[in-house]
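Novice: Order-wise, the sequence lines are chains A and B.
Going by our numbering, the first sequence wraps up at 186, each residue one higher than the last.
Going by our numbering, the second sequence wraps up at 306, each residue one higher than the last.
For the record, the hints were derived by calculation from the structure and aren't laboratory data.
One should not assume that every hint holds.
[Unchecked claim] Calculated lysine to aspartate or glutamate pairs in the EDC-like style (CA-CA distance at most 20 Å, straight line): (1) A:Lys170 <-> B:Asp275; (2) A:Lys170 <-> A:Glu58; (3) A:Lys168 <-> A:Glu179; (4) A:Lys168 <-> B:Glu276; (5) A:Lys168 <-> B:Asp275.
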Amino acid sequence: MWIDCLRDSAPKSGITVADSQPSFDPIALLAALDRHRVTYIVIGAFARVVQGTEEVTRGIDIVPSTREENLRRLDTALGELHASYAEGAEEAVADAGSSQAVRVLATDFGELKVVPRPVGTGGYDDLRRAATREPLGQGLRPSVASVGDLSRMLSALEREADLPKIKALRRLAELEMTRGIER
Amino acid sequence: MIREARLRAGLTQTELGERTGRERSVIARWEQGAVSPSIDNLLDVVHACGFDLPLVLVTRDVAQDERLEANRKLSPERRVDRLLARLRAEERDNGG
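Using the sequences and the hints, build the whole thing.
Specialist: Put into structure tokens, the structure is as follows:
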């Protein structure tokens, strides 16, 4: 069962390892999650791009609701996406920053990182408070973490390499705040 | 910045107010940007959360500000389209 992916004790045996990189189609990937009514929040580089930063990414990071029913839906969606452990996943897990098990999966439409509880946050219930629905076309409106929360997650990792990204997010937050006051 | 420090410290606005001797509403207004704290107050609150905020002068990246301002005017859909266009261009450049 794929839901076991979110449990630290999950055995990895029997799960295939992807050996090629499919082209990245974020809309198709998110649409598959929506078709199965998976509840999640988009975080990471893709979320930062949606919020207005300039980055290049070939994957999507999500924080799913860890309620049992939702994990079952996620399980079904991952099956449809032919999810398998991505090559080099162990290194990526270490890089993702989470206080719980992170799973890096290769899917038909690119890499999907499932992060139950990003460092510096309390997970889905924490992030959903400030997350917003962002229209990405084709009727897709995923919940995307707020600029403030994206900044919080990056700064909690305390990596010098992330400073330019944090700076860009803070600048975006300032611009948003200015716009709010101008209204 | 205050909200980020407070949440990373796992504090409520009330708890942070108690730690710094301020009303919860003051913390809330600072977090919402309705009122800006002085530098001294900002540092005081950040310290109360267990963090430091080193203040250093760096050259302002005006070009980045302009790019972010331009990005902000695009819809989220257009931002994603632009990302995908960049990826396609990279693949072409790499002969993929």
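Novice: It remains to establish, for every hint, whether it holds in the given structure.
Specialist: Outcome of the hint check:
| no. | hint | result |
| --- | --- | --- |
| 1 | A:Lys170 <-> B:Asp275 | holds (10 Å) |
| 2 | A:Lys170 <-> A:Glu58 | holds (13 Å) |
| 3 | A:Lys168 <-> A:Glu179 | holds (16 Å) |
| 4 | A:Lys168 <-> B:Glu276 | holds (15 Å) |
| 5 | A:Lys168 <-> B:Asp275 | holds (13 Å) |
Hint compliance for this structure: every hint is met.
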